[in-house]
Amino acid sequence: MDKRWGQRLVRTSTLIRVENLTKIFPFKGRMLGKKKSIRAVDNVSFEVRKGEIYGLAGESGCGKSTLGELLVNLQRPTSGSIYVDGQEITNYRGRMLKKFRRKMQIIFQDPYQSLDPRYTVLGTVMEPLNIHHIGSLKFREEKAIETLDKVGLRPPIRYLAKLPGDLSGGERQRLCIARASVLDPEFLVADEPVSMLDVSIRAGILELLKKLREKEKVTGLFISHDLATIGYLTDRIAIMYLGKIVEEGPTVEVIQKPFHPYSRALISAVPSPNPDVKRSEVKARGTIPDPIDLPSGCRFRTRCEYAQRKCSDMEPQLENVSKEHRVACFYPLSS
Amino acid sequence: MPLLVFRDLEVHYRTYAGMLRAVDGISLDLDRGEILGLVGESGCGKSTVAKSIMRLLPSDSIIKGTISFNGDNLVEKNEHEMTRIRGKEISLITQSAMNALDPVQRVGNQIVEAIRTHRKCSRGEARKEACELLELVGLEKRRFKNYAHELSGGQRQRVIIAMALVSSPKLVIADEPTTGLDVIMEFRILEHLRKLQSDLKLSILLISHDISITAQLAHKIAIMYAGKIMEYGPVSEVLKQKAYHPYTLGLLNAFPDIKNPRNELISIPGSPCDLVCEIKGCRFHERCPFSTEECFIKEPEWLNIKEGHYVRCHYPDKMEIFQKLSRERSTWIKDGDSD
Amino acid sequence: MIRFPKIRLSTNTKIMLGNYKKGFRKVTREFIKSKLALTGIVILSVFSSVAVFSPHIVPYSPDMIHYDENGRVLSLLPPTKDHIMGTTFMGQDVFSQLLDGARGTLLVAFLSGLAILLIGANVGLIAGYYKGAIDALLMRVVDTLYGIPDLPFILIIALFIGPSIWTVILVVVLILWRTMARIIRSQTLSLSERPFVKAAKASGAGDFRIIYLHIAPNVASLIFAQLAIMVGFVIILESSASFLGVGSADIRTWGQMLQYVFVTGAIRHAWWWTLPPGACIALLVMSVFFLSKGIENITNPELERR
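Chains A, B and C, in that order, give the protein sequences.
Going by the numbering used here, the first residue of the first sequence is number 887, and it counts up by one from there.
Going by the numbering used here, the first residue of the second sequence is number 3, and it counts up by one from there.
Going by the numbering used here, the first residue of the third sequence is number 199, and it counts up by one from there.
Derived from the structure by calculation, the hints contain no laboratory data.
Predicted model only: the values in this text are computed from it and were never measured.
Where is the CB? At the ideal position from N, CA and C, for every residue including glycine.
Be aware that a few hints might be false.
Unchecked claim - List of simulated lysine to any residue pairs, SDA-like, C-alpha gap at most 25 Å:
#  : chain 1 : residue 1 : chain 2 : residue 2
1  : C       : 396       : A       : 1017
2  : B       : 147       : B       : 172
3  : A       : 1164      : B       : 300
4  : C       : 224       : A       : 1031
5  : A       : 1036      : B       : 335
6  : B       : 336       : B       : 304
7  : A       : 985       : C       : 327
8  : C       : 399       : A       : 1164
9  : B       : 308       : A       : 1017
10 : B       : 336       : A       : 1166
11 : B       : 203       : A       : 1166
12 : C       : 399       : A       : 971
13 : C       : 396       : A       : 1207
As the list claims (entries may be wrong) - Covered by chain B, according to a simulated footprint, are these stretches of chain A (three or more residues, beta-carbon under 8 Å):
#  : segment
14 : 926-932
15 : 1114-1122
16 : 1135-1141
17 : 1161-1174
So that you can see chain A by itself, here it is in the shape it has in the complex (with noise of 0.2 Å):
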């Protein structure tokens, strides 16, 4: 069983290494006379292989989103690397920034609030290409319609001259992916994208999706707290916790057989469309503790079941449990 994280199986096909990614945000204010801090994304390590779909998965203010941005540079790490096919991109400023900009894009929850109310569809996707000086003025926007066309928005010229707000949810989300994925990007964050659609609208979404990373081979990192989406989506899924990873794995395999007493907790709280299904208990006691005071050891312990004294004492490390399987609990739980 390996072990060790630090023994750098570097796989070639590896995108994105993350190696001990740290944001903590100051709290303002003191509280029982020391300052203290918020660490939203805290020691986070793992790996995104090229062509895959990753699933970042947990509750509100688990740190997700926070981590979706920092790797997408709109947020600064506190500490910690991003390597970006072998280069670390966590110091680039300035020119080296704008041109790594053009491999990683990202997508937002709100369809609306994500595009500038005054700018068309034509012009809201033909930006990017502009920012960056690509080709022709003729080049840019033939290649904006093409890109329109890709995500679905057919066809393409009777959409150029919409407003973000002539269009429907659907179509919003559409277009916000079209200008992420006009510049080519290799590597797509999709932070809650479908959250605010209508169900009957997800699925098409998802698929466009989908079909990015089979066709134009965009890897991607999909960040939700649905954890029935993830599900149908990724490969691979992280469960994150306080600003932590508990568990990762095979995404069927994290679902159907967790390790870890969060994720297992977390699990079984989704709601099934199917009504025979019915629910055991879920098995994790209170509510998420105030992240400004964090318990200490493993950050689970107060809500665990099986808690013991270690736990309390010693943080858990992620440890592999199988070959691509890795838990941060020093009492996985067994199948």
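With chain A fixed as given, assemble chains B and C onto it according to the hints.
Chains B and C alone, transformed into the frame defined by chain A:
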């Protein structure tokens, strides 16, 4: 006799673009001690149904038809009579109700105030009852003296549920009660609602866009689309691919199931229709893969196909073919369409 | 004949122009429907044209002194056929002076407005976007200026650099840009948190592009509504300053006319000399306020489109 009966309920809003038919003729029953789930996507009119029961519609709206509660027609009641019913016999829990808590009053006192509004009792008695209610919804007694901002979203929502139960209502309307809450919190609240319902013999009208939570909680389900009910029946039938209406079948395809995560998801092409324009035929015909000429011209009737199971479609007899075909992607997505 | 070179417009530009034309037509329609905005703009247009064309439409030169048959100065004449608004103490035609005064008043209004726009809006945008240290510094400046009372400040500055129309413009701009900056800053603060700014950053957009091509257009309607109000204040300030004698000494403005009435003691009974400039000041300020309210009403529903 059912507790709540809708018969040909219509609610229209006057807008600058024309008359918006938010609710266009629905008929449903809710029996005592039963949970009815009203499911639909955004804009289908389900929130309007909730508001129309409580008669909390804007002044420029028109309401027609019957909402019979315990034999009384609520549509015909005036404001004075409605205030006696609202909050007492019928309670409403809305989506962001947790933000409706007074931020400068302790939550326990807010429950006490609600109690004393409804009947004469001393402060001491009301306090005792408030603590009991808090326990009933799964909060510790010490939460009485907390302020709203000291509680999490889920805890606040449970306070709202406690307040809704203050008057021992006969009917609770829960409009998207768990949207925006984390999944573990949602599970707890649904479990509490279920327990409350069985302990107190409550009747609940659960309004949601989420079929999964409706499947877990409700006994009967009604699928709403563009102001009309498309299908209505027991959850055990409608939600197990034994549905009759193509829209229901389409919705079932679109919901991921954590128990079978890799099941193919198929979306319904197109978008909900404009509620303002007058539509002759079936509301769903534009997006329905099985629609025919008749669907375009004539509106389908409300058919009682089985005991307690109704559907609004021209072809209920073709149910088996529909069920089989609806599971295939090619039925819904024609080549060249935006998928 | 000037031949313009054929400019090939990109499709996007053509679309934007088309959208602007549509938007312009819609705004014009709304304007005509909104009696407030319409009144405002009509009065403003009248005044502006007068200001521009005044040298050509004055019946007499404003400084010309008029005499009667006997060679006596026609001082303080009530309205007659020849002088429809009568004459001043010095025998000058009031109507001609009024038309001439429009130039000065509107010049102050326009120039000050421009300066307030350029300085205030930019400071607001930059402070609101960058936040942190830059914001703190700029807001300290604004806050200190806030403490200064308007009119006394004009008095003091005029003492040092002499009363002139440029003094007035300088002071007025110094005082009023702070309000504009504050308002723009708060709007920028909220807009810069919106995902579309993050999305632009993720696409590689630099700060300049984000501030001027994304945020500024979305606060533009607010800027112009606010600007209109500011211009109203400018006019009042200028008139007050001129009335007190610390305003424009060289270029004639309506406020300056009022100062002469007062100083010559004719203010009590020469209503034909007092009323026109006073009424014009009031009318101009009113028209500007109407216009601003009209703009607000028209642009607000547009912002709520979802």
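Quiz item: Among all the numbered hints in the text so far, which are the ones the structure does not match?
Solution: 2, 3, 4, 6, 8, 9, 10, 13, 14
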